[in-house]
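Asks: Sequence:
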Amino acid sequence: MLWPLLLLGGLALLFWGPWVLDDPSTKLLAANDRDPSAYLWFFSWWPHALADGLDLFHSAAIFVPEGYNLAWVTSMPGPSMLLAPVTLTLGAEVTFNLLSFAAPALAAWTAFLLCRHVTGIVPASLLGGFLFGFSPYMLNQLRGAPQLALIALVPLMALLVLRHAEGSLSDRRFALALTAVFTAQILTSTEILATSVLFGAVVLVAAYAIFRELRERLRRTGLLAGAALAATAVIASPLLYNVFFRERTLPEQALAVFPTDLLAFLVPGPLVALAPGRLGIGEPAYATGAAYIGIPLLLLLGVSVWRGRADRGVLLAAVAFAITAIASLGPTLHVRGGDTGIPLPWAVFDGLPLLRYAIPLRFPAFAFLAAGVMLAMWLARGGSRLRWGGALVAIALVLPAVGHRDWRTELDDVPFFADGGYRGQLDASDRVLTVPTWGRNMRWQVQTDFSFDLAAGYVGAFPESYERYRAWRDLLGSPFGREAIPPAGELRRFLEAKGVTAIVVEQGRAGRGRELFRSLGVTPEETGGVLLYRLSPARR
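For what it's worth, the numbering used here labels the leading residue of the sequence shown as 4, then goes sequentially.
Simulated from the structure, these hints should not be mistaken for lab results.
Some clues are possibly wrong.
[To be verified] Listed below are the simulated SDA-like cross-link pairs for lysine to any residue, each with C-alpha atoms no more than 25 Å apart in a straight line:
id : residue 1 : residue 2
1  : K30       : R408
2  : K30       : L538
3  : K30       : W75
[To be verified] Derived DEER-like restraints, expressed as beta-carbon distance ranges:
id : residue 1 : residue 2 : range
4  : L17       : G56       : 39 to 47 Å
5  : L85       : L17       : 35 to 43 Å
6  : V208      : L17       : 35 to 43 Å
7  : I284      : G427      : 52 to 60 Å
Since we're looking at a predicted model, the values are computed, not measured.
No residue lacks a Cβ here, since even glycine has one placed at the ideal position from N, Cα and C.
Please build the complete structure, drawing on both the sequences and the hints.
Replies: Okay, here's the thing in C-alpha cells:
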C-alpha cells in the first residue's frame, strides 16, 4: 500500500517543508551547520572518491598527511551512493534535506506495514506507524543526525522475522530479504544495525518463552537470521575490514554516559508542541526529549496490556517495549539529572566490543516501535470512541513544535569558496588549515569539489595524530571564533608536521583574527570574506 506513504510524506512536508522548501540549497532542516556539514561532506565524498578511483574508506583529503578511516564514523555510504545523482546535480544540501523529509515518512510507513500485518486494521495501523515515524526520538534526530533518523529498516526487520516465524515467508525468501535489509542498514548506520540485532535477539528469546508451540519454528528463524547476518558481513567485508584491521580513530566521545533520565519519559523536551518552554514554564535539563512518551500514552499502554493480558502477542510487544525502554536508561539509573548509582541491565552490555560505543539515549527508537504496535493492537481490538479519543490525545501530546528554530538553519556562504575565489589561490597540492578548524570547513571543501586537502576536519572524532599537538587543541576552541592563541613554537611545530602550505581564516567568525597567526610573520591577504595566509608556494 503506497497511499499511506504519500499521506505520511505530506505530513512531513506540512511540518517542515514551508521554510526549507523555499530554497533547499541554502537552508537545512537542522539545528546548526556543524554536524550537518560533515554529512554534506559524506554525501559528496562517496561519488567523488568512486569517480576518481580513490580509496573509498580512507580519505586523504582531511587530517593530512595521515588521512582518516571513514569506516569508524557515520559516513553513510549507502544513502550517499543511492542519492549521488541528486548530490551531483542539485548539491549535497538538497540531498540532506531530502533525507530529512523522507526519514519520518518512511519510518512511519514501514511501521504501518508492521502494524497492519499484526492487526489487519488500516486506521489503527496508521496511528501506530505515525507514533514511530514522528516520535520525539525522530524529532530530535532531525536536528542534524540523518543516520539516526533513517530507521525505516527496523520495522522491516521485525516484519520479516514475524512472517517467517508464523510460516507465511519461506526460508529462502526470508534469508535473502533479511540479508538485503541488514546490508542496507550497515551501509546507513552500523550502530542502528548492532542495536537492532541485539534487541531483536532478546525479543526473539522472549517469544521463544511465550510461544511454546512455535519454538521449533523460532529456532529456525534465529538460525536463518544468523546466516543473513553472516552473509551481510561478507557483502560488507570492505567496510568491516576497514573497521577491524586498518588504523582508525575510535569514537571515544561515545564512551561517556549518555543515559535517558527516568523522568524524561514523562516531561516533554523542547521539540514537541506542548513543551514547557513554549508554555512559559521552566524546562528541566534532563528533559532531552528523545524518550518523551507522556503520561497519557503510558497509561494507555498500561491499560492495553492489562486488558489484553490473555493475548500473547500483546505480552510480547509489552516485553519489547520494556526491554528497550529500560536499556535506554543506561548502566545506572538517573533521576532528575542525578546518578542514583542503582545498577541497571544495560551494564551487562555496556562493556562489550562495539556495543560499548552505543549510546542509550538513542534506544527509545525501539521503544517507540513497540509502543506503536501496542497502540495499533489496542485500537484494533475495539473501535470505541473512548479508545480513539484517548489515543488521539496521547498522539497530540507528542506532535512536533512546527517552526522550531532547531529545524531552521540558513547557510551563509563564504564568497572565497562559494564564488570561486579560491581558484588561482589554492590547488590540489595545497594542505590548508582553516579557522574554524571544524564544522563548516567541511562544506567549504565540498564547494570547491575537493580542490585542496584539509589540515583539519570534523567527522565525529579527532585523530590522535592531531590531538597530540597543543596548537591543534588551542585552535579547536569553537566554530564561532573563541580559539585560543597557540604559542609560536607550538604553532610552527604543528604546521610543519602537517605540511601546511596555506591558512584560511574566516573573517567575522575568526575571533581574534590576525592575532592567531601573527607569530608567523606572514601578511595575510583579505579576499572573499577570509584572511589567506600563504606559507609556501603552491606546486601548480
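Asks: Run every hint past the structure and note whether it holds.
Replies: Results for each hint:
1. Proposed proximity of K30 and R408 is supported: the alpha carbons are some 12 Å apart, at most 25 Å.
2. Restraint check: the Cα-Cα separation between K30 and L538 comes to about 35 Å, which exceeds 25 Å; the hinted pair is violated.
3. Straight-line distance between C-alpha atoms of K30 and W75 comes to about 28 Å, which puts the hinted pair past the 25 Å bound.
4. Against the hinted window of 39 to 47 Å, the Cβ-Cβ separation of L17 and G56 comes to about 44 Å, which satisfies the hint.
5. At about 25 Å, the beta-carbon gap between L85 and L17 misses the expected band of 35 to 43 Å.
6. Our hint of 35 to 43 Å for V208 and L17 holds, since their Cβ atoms are close to 41 Å apart.
7. Range check, I284 to G427: about 56 Å between beta-carbon atoms, so the 52 to 60 Å window is met.
Violated hints, in rising order: 2, 3, 5; the structure is consistent with all others.
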